[in-house]
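**Q** Keeping their order, the protein sequence lines are chains A and B.
Be aware that the first sequence starts at 1, since it is given in this note's numbering, and climbs by one per residue.
Be aware that the second sequence starts at 1, since it is given in this note's numbering, and climbs by one per residue.
Since the hints were derived computationally from the structure, they do not count as laboratory data.
A few of these clues could be false.
Stated by the list, open to error - Not everything, but these chain B residues come out facing chain A in the computed CB check (under 10 Å):
| # | residue |
| --- | --- |
| 1 | 96 |
| 2 | 98 |
| 3 | 99 |
| 4 | 106 |
| 5 | 110 |
| 6 | 252 |
As the list claims (entries may be wrong) - Computed far set for chain A versus chain B, every beta-carbon distance over 10 Å:
| # | residue |
| --- | --- |
| 7 | 136 |
| 8 | 193 |
| 9 | 267 |
Since this is a predicted model, take the numbers as computed values, not measurements.
We put the beta carbon where it would ideally sit given N, CA and C, even for glycine.
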Amino acid sequence: MTETSNPSPDGLPCGPAPGAPPLQRARPDSVAERREPPSGSDLRARGIRVRGLTRRFGSRVALHPIELDVEPGTVTGLLGPNGSGKSTLLRCLVGLVRADAGRALVDGVALAGDGVAVRRRVSYSPGEIALYGEMRGRAHLEWLLRGRGKRAVERAVSVAREIELPLRQRVRTYSHGMKRQLLFAAAIAPRLPVRILDEPTEGLDPSKRGLVLDMLRADVDGGSAILLSSHHLGEVDRVCDRLVFLDRGHKLADESAADVARRASRVVQMELEREGDPRALAAALDGLAGAAVASEGTRVTARLADDDPRPFLAAAFARTDLPRPLAVRFGELSLAELYRELYGVEAC
Amino acid sequence: MERTLRSYLWPALGYLIVLEAMLAAACLFWPSFRDNVESLKAMAPMASLRQMVDALAQGGVEAYVNGQHFFKGCNTLGTAAAVLFAMNAVAGEANRGTMELWLSRPFTRRRLLLERYVAGALALTVPIFLSSLTVPWLLSFVDERMDIAGLMLCSAHQSLFLLALYSATFLLSTLSSRPVWIAMAMLFFTTLEFSLYLVKTVTHWSIFRLTDIEALIWIMQHRALDWTRCLPMVATSVVLLVAAERSFARRVV
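Hey, can you work out the whole structure from these sequences and the hints?
**A** Set out below in structure tokens:
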């Protein structure tokens with residue numbers, strides 16, 4: 001878990017400490033290679049700052065007090081199962097759902113009233129796809145971008161062309177994925193410092209998803225702060241600099257690239273042949289050098305007590321009576337594994 | 001606002017055409033009514049209807065046109081239009097799932113709501129004034145005349161009445177997600193009120209007393225709005241609109 005404690009002028013603790021590594025522009029290939037969020041006093045009030053945001057629906061607490069920072073020039077991914085509070089948090093941040101308690105600053109503007117001041121600085125793409133079917137694509141884009149200026153519409157049309165969206169057709173003839181693309185084009189087009197996107201790639205085919213993720217990456221490279229939610233681990237692995245895991249309204253983890261790397265450095269995985277007995281191997285290795293060992297399928301996973309795998313590996317390799325592993329991996333943890341570790345369920 | 005207005009354009013045009021068709025038929029029927037008023041009175045099944053026919057006959061063409069156009073045409077068709085124009089204002093968005101999209105743009109909820117209210121209110125009231133403007137021309141076919149100022153005052157009075165019904169439906173729309181239920185509730189209420197109007201012993205409980213032939217004849221005779229009737233209607237609309245705004249501000253997407 002990562003906590004930030006650098007106080008901002010308004011008293012909100014925000015952002016990493018000054019002197020953190022500078023913003024890198026190259027796109028990372030894996031979670032472990034991702035950059036740390038950029039810092040700097042000029043950016044402190046920018047991006048998104050959430051402190052103690054809470055929301056109840058009747059007796060059900062949809063959001064327990066949430067703390068969150070999204071830095072300019074980064075993509076933060078919200079992950080969690082259905083009902084974890086991702087959409088509620090995003091809706092709270094744009095004022096569509098009023099928070100019962102807590103504060104939020106979006107691009108330096110406090111969330112207040114119906115959130116219109118925030119929405120002027122934020123483009124928002126809802127997770128629910130319900131559009132006005134009677135409108136044509138272009139007219140719908142204009143409707144979505146009302147109040148954002150003509151240039152935003154022109155850019156949205158250009159984005160729509162890039163993703164081959166037929167703007168002359170009525171929206172009712174669009175497929176689910178095309179509707180999602182229309183929402184994305186409207187969300188990415190305005191020149192705004194913050195974007196809040198609820199499942200922006202849901203329903204897209206792999207090629208369109210790749211295009212969308214590339215555009216998001218290019219956008220943050222221009223300095224935007226993006227907060228997106230997703231169920232799709234592949235895309236967050238590819239595009240996000242920071243991962244926030246929610247479950248039943250609680251923030252389970254807030255992982256930066258370094259956090260994930262640290263978590264991964266304590267995991268050793270062994271792959272066995274099909275004839276091997278992973279359960280027996282796990283039972284035999286459990287407790288060696290303080291490791292907790294479990295098996296699943298043909299894989300045995302050891303969670304180490306510290307960052308140094310050598311005592312565990314030495315003790316394990318000394319047991320020549322145990323099944324021979326086909327492969328041994330150390331220092332790698334995919335998001336799917338991270339998800340499983342946090343929630344105990346398989347991610348999609 | 002432009003798109004909101006445009007979305008009401010076709011329904012408003014349809015409403016105007018039907019209203020105008022009813023008005024034209026009524027105006028052209030005037031000589032026949034005048035000549036056969038006794039027979040029509042005899043055919044009326046209820047005492048209240050006989051009294052109405054009497055009032056129309058005594059008031060001449062002005063009372064007849066007011067009764068036909070405002071009391072009959074606007075109160076039936078206008079009430080239906082008021083309900084239809086308001087029921088989808090917010091509940092329709094919730095019902096089709098577009099409310100989140102509607103509210104996610106950089107405008108205040110108050111502004112979005114008022115845009116809807118104003119667009120629907122214009123769609124409801126403008127056809128009443130437009131159709132009333134054609135009355136002198138229609139009456140010229142039956143060699144009758146009518147003062148346009150009085151007609152405009154009656155149109156304003158009728159519009160205020162319908163706006164109160166429209167505002168009530170609008171408030172329900174901010175509270176519910178089911179437009180059909182709202183329509184059913186409002187149509188049940190207005191039908192009940194109209195039924196009450198027709199029963200002599202309880203007629204004073206009916207809201208249609210505010211806009212019946214008696215009220216319209218008073219306006220034509222005095223060439224002024226009857227503020228004892230208009231003020232409650234205006235106040236009702238304002239209170240209901242404020243309540244709708246409050247309800248909408250608290251509404252969860």
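**Q** Against this structure, judge whether each hint is valid.
**A** Hints and how they fare:
| no. | hint | verdict |
| --- | --- | --- |
| 1 | 96 | holds, 6 Å |
| 2 | 98 | holds, 5 Å |
| 3 | 99 | holds, 8 Å |
| 4 | 106 | holds, 4 Å |
| 5 | 110 | holds, 8 Å |
| 6 | 252 | holds, 6 Å |
| 7 | 136 | holds, 12 Å |
| 8 | 193 | holds, 13 Å |
| 9 | 267 | holds, 40 Å |
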